[in-house]
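There are 4 protein chains.
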Amino acid sequence: MTWKEKVHEVIYEADTKAGKVFDVALFIIIVASLVLVILDSVEHISLEYHTLFVTLEWIITIFFTIEYILRVISIKKPKNYIFSFYGIVDFLSTIPLYVSLIFASSGALLSLRALRLLRVFRVFKLVRYTGAGSSVAVALRKSIPKILIFLYSVVIISFIAGTVMYIVEGPENGYTSIPTGIYWAIVTLTTVGFGDIHPVTPLGQFIATIIMLLGYGVIAVPTGIVTAEMTKENTRKNTQVCSNCGEADHRDSAEFCHNCGDSLHKEQEKEIKNED
Amino acid sequence: MTWKEKVHEVIYEADTKAGKVFDVALFIIIVASLVLVILDSVEHISLEYHTLFVTLEWIITIFFTIEYILRVISIKKPKNYIFSFYGIVDFLSTIPLYVSLIFASSGALLSLRALRLLRVFRVFKLVRYTGAGSSVAVALRKSIPKILIFLYSVVIISFIAGTVMYIVEGPENGYTSIPTGIYWAIVTLTTVGFGDIHPVTPLGQFIATIIMLLGYGVIAVPTGIVTAEMTKENTRKNTQVCSNCGEADHRDSAEFCHNCGDSLHKEQEKEIKNED
Amino acid sequence: MTWKEKVHEVIYEADTKAGKVFDVALFIIIVASLVLVILDSVEHISLEYHTLFVTLEWIITIFFTIEYILRVISIKKPKNYIFSFYGIVDFLSTIPLYVSLIFASSGALLSLRALRLLRVFRVFKLVRYTGAGSSVAVALRKSIPKILIFLYSVVIISFIAGTVMYIVEGPENGYTSIPTGIYWAIVTLTTVGFGDIHPVTPLGQFIATIIMLLGYGVIAVPTGIVTAEMTKENTRKNTQVCSNCGEADHRDSAEFCHNCGDSLHKEQEKEIKNED
Amino acid sequence: MTWKEKVHEVIYEADTKAGKVFDVALFIIIVASLVLVILDSVEHISLEYHTLFVTLEWIITIFFTIEYILRVISIKKPKNYIFSFYGIVDFLSTIPLYVSLIFASSGALLSLRALRLLRVFRVFKLVRYTGAGSSVAVALRKSIPKILIFLYSVVIISFIAGTVMYIVEGPENGYTSIPTGIYWAIVTLTTVGFGDIHPVTPLGQFIATIIMLLGYGVIAVPTGIVTAEMTKENTRKNTQVCSNCGEADHRDSAEFCHNCGDSLHKEQEKEIKNED
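Chains as they are written, first to last, in the working numbering: chain U, 1 to 276; chain R, 1 to 276; chain P, 1 to 276; chain V, 1 to 276.
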């Protein structure tokens, strides 16, 4: 086993003890780095601990740089990693400080704030720690096409509701344009209801009432979609496997495989024979 | 094939290449037209690009005019189209500019703003692109009677809640009349909660608390209705019946009956034979 | 058939033509009466049409008085009606105007506003028109014990959340007392979010964040309860009836009655025999 | 039966009449004590009834002290009780007044307000009265791992959404730091929508619109998880297995197997025979 293979085992797999330690250490550093980004955005904290924050940011950046280089070196096909989702995330998590040095020397200090955005991409490094293949994810992925059709309808409803409110209430009551009206309609349909804009005229309040009742019925739809998909997912789990063709997706009451027509109870029958 | 039939194929069907190109082009023009309506409503944009917007609006209107005329000409029974949902939508999407010309000449410039409302009907042209027969739509349509009974109850609850709050809080705390109270009750029951009106007295806050907890339990109902209907819809899809034992409760992917093991495709096989 | 029986048929049953006409007329008068109550609460309308409103209110009151007297006379056991839910509602819908006369003569004009509350009880007269035995109502009634346990937990959570916020934010940020804190907690947990009171300190905002995420998970519970009950209700409907004992609540895949053990397919078997 | 056993029966069990009386009395005192804590926090009430409140608080504290001592004495292994959830709750419910005496004598009057927090723990004494083993609780407990994964995703989304809004809207529109942005994102995603902070710029409103639509789809997930778990729980209850054919999927009320028609109570019948 070469040193590259050893490194690969440590950073890509969590089977060995070294691998697990690396995973936990990485997790802590990511979270620490995110806490740093958050605290850095609070002005009075940022001013007080400026030197400490810069130092810590450099330590974290160097750590991520080493991690990135090791990941590229230790994998057989570096291209697969570099252009994968995690490859891009790791890259974007590393460069902000280097880029800010270049910007600083060229005098474009204003863009430094936008660079903070890039550091936030580090949060995606945490996605590695979620089981991506969980049954929740499966049910969600299957619901996406239906939810998209649904969102399409919501957007159409918002468009009409927003325009109607723009005409009824008008700019004097905060509905300054159709986009503002649509923004209000979505705030209302999703039941968020900030209250920054709200109907003032009796007619506007009446129409808003209808929109809200509509939203009330409509909020049931994505819930219904996901729930139906999840219930399905649940039922699918408890199933017998056909000993002939391997099909596993049978009903609870099935006697024969719906795929090949073979009896599902052969093994049980054998067991009964063996017991005799 | 006459030219009318050719036109019919292009604008009514999406099977041929020309038909698909027409569909995509129409989709882009509708969306562009809606973006135009939206931007036109933002005052400072509207003032700056006035000439451009008028020109584009004329181009779009002429395109919709041609589309409308071709749809009327190329169909066998024009009446069926003209008085159908899409016929009316297409008509209302076309006329605003023409009507505004007449209004402008007669000096009634004030009504021009209301005419913008008619242009918004173009959004309904987008409905053509949603699969109307999707299982979501089916489940929704079946839930409507139950949801109506439910909304009826919500309206009755809102009526009482609104009146009680009007009496308890009174005009001095924003509940200026029973309609305002009902408006507040619906804003609260649907969990939108704008906050433009809210209870101020301790008793009012206590009653609001009970209304909110009620709304909390009540929001479950439309969700329950739609979800139950969707779960049903999911189960219902498997409509093949075994020709041997009559079992009907098969999975979509079933090839053989899970009850007797007989092939589910016998009839299809026969049909294929008969066609030979 | 005596005249009492005829009156009974008209006002208690909707089978005959006269009964249907009475039902529709009553429905219109109730709704008209409610619209009157609503409009009467809007000050500027109330002042303008004062005489008209008083006249209409008298007509409606006299109509309800006649209806109430007829209902009492035409029924065999008047006590059953008078002390039933609808009897009390009908009584309370009739008396406000009479009581206001007495109050007016005794000079207590201030209480007139509270009397309006009684007129609102007329809304309950509309409940007669909703099918009380619908499957939605059944599922809801079965969910009530579970929802009560749930509300009990929500109240306990609100109590703690409200107290914590009262201590953390304090009266200077709007949390003037524990009841106010509890009011805020329920406004937040039910996702209504008026915004009349909201956390201002960073610690308060952090705790609010946790409360909201908790509420996010918790709102799923009543929905889950009602949905599970409704899905159950749905499954229960599509069922075969046992020809031996009359039990109807069988599974779709049942071959024998789970109540008496008799074959469920006897009739089908007979039909098959008859066809031979 | 020693007096210790008698006390144990009264305070730990609700079988005897004395035990039931004790339970009801305790329930009333806990609720009364909580009402006292609540009213005490309302300044003008607290000032007016100061002496009454202090007296009542002493009576309640002495009652809880006696209860606590009796619970410790009457149980066989006091350690099990003292360090159990209810033991700690009972202890924390009793001490605040005693501690406040010590603090008062040492002059640290400022901390008295924080001591009120401890009295709130009495609400947990109410948990004893909820059936902890209800099917709702079971379904919730089983949903926790999935809901945690889900909350993890929500936190990641909030983090990104909050940062983006901080950059787009900036401190001048209320998004003073990333933590504030995250607070706003959670307020929005959970559809609470206080409105204390809200987007002002068109771009901010557009991004907020997308976040709300996302939240709209996302709120379906915990509901789906809990509902699916509850539907499962409902189905799982029917646990009788037919001793003849092994079919397990029976209704609760089933007397005979729906698959083979055999009695489901054979074993019970045998057991009854054996007992004879």
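Keep in mind that the hints were calculated from the coordinates and are not lab data.
Virtual Cβ for every residue (Gly too), placed ideally from N, Cα, C.
Any given hint might turn out to be false.
Unchecked claim - Each computed DSS-like pair below joins lysine-lysine, with the alpha-carbon atoms no more than 25 Å apart:
#, chain 1, residue 1, chain 2, residue 2
1, U, Lys-142, V, Lys-4
2, V, Lys-232, U, Lys-146
3, V, Lys-232, V, Lys-146
What the hints assert, rightly or not - Which chain V residues stay away from chain P? Per the calculated CB distances, all over 12 Å, these:
#, residue
4, Val-7
5, His-8
6, Glu-9
7, Ile-29
8, Tyr-49
9, Val-54
10, Glu-57
11, Ile-69
12, Lys-77
13, Tyr-86
14, Ala-137
15, Asn-173
16, Val-187
Said to hold, decoys possible - Some chain P residues near chain R, calculated using beta-carbon distances under 8 Å:
#, residue
17, Ile-38
18, Val-42
19, Glu-43
20, Gly-87
21, Val-99
22, Ser-100
23, Val-120
24, Leu-126
25, Pro-145
26, Ile-147
27, Val-154
28, Ile-157
29, Tyr-183
30, Val-192
31, Asp-196
32, Val-200
*asked:* So, as I understand it, the hint says P/Val-99 touches chain R; can you test that by seeing if any CB pair is closer than 8 Å?
replied: 16 Å, violated
*Would you say V/Glu-9 is clear of chain P, with no C-beta pair closer than or equal to 12 Å?*
The claim stands: V/Glu-9 keeps its Cβ more than 12 Å from every Cβ of chain P (closest is about 27 Å).
_The hint names P/Val-120 as touching chain R; please verify it with the least Cβ-Cβ distance against 8 Å._
Where the cut-off is 8 Å and the nearest Cβ of chain R is about 4 Å from P/Val-120, the hint holds.
*Can the hint on P/Ile-157 be confirmed by a CB-to-CB distance to chain R that is less than 8 Å?*
Violated, about 12 Å.
*asked:* Tell me if the interface restraint on P/Val-154 is satisfied: Cβ within less than 8 Å of some Cβ in chain R.
replied: 7 Å, holds
*Would you say V/Tyr-86 is clear of chain P, with no C-beta pair closer than or equal to 12 Å?*
Fine: 15 Å to the nearest Cβ keeps V/Tyr-86 off the interface.
*V/Ala-137: least C-beta distance to chain P exceeds 12 Å?*
9 Å, violated
_Least C-beta distance from V/Ile-29 to chain P larger than 12 Å_ = 16 Å, holds
*Can P/Gly-87 be said to touch chain R, with a Cβ gap under 8 Å?*
19 Å, violated
*Hey, is V/His-8 genuinely clear of chain P, shortest beta carbon separation above 12 Å?*
27 Å, holds
*Against chain R, is P/Asp-196 within 8 Å by beta-carbon distance?*
4 Å, holds
_Least C-beta distance from V/Val-7 to chain P larger than 12 Å_ = 28 Å, holds
Taken one by one, the earlier hints fail for this structure at numbers 1, 14, 16, 20, 21, 22, 25, 28, 32, listed in ascending order.
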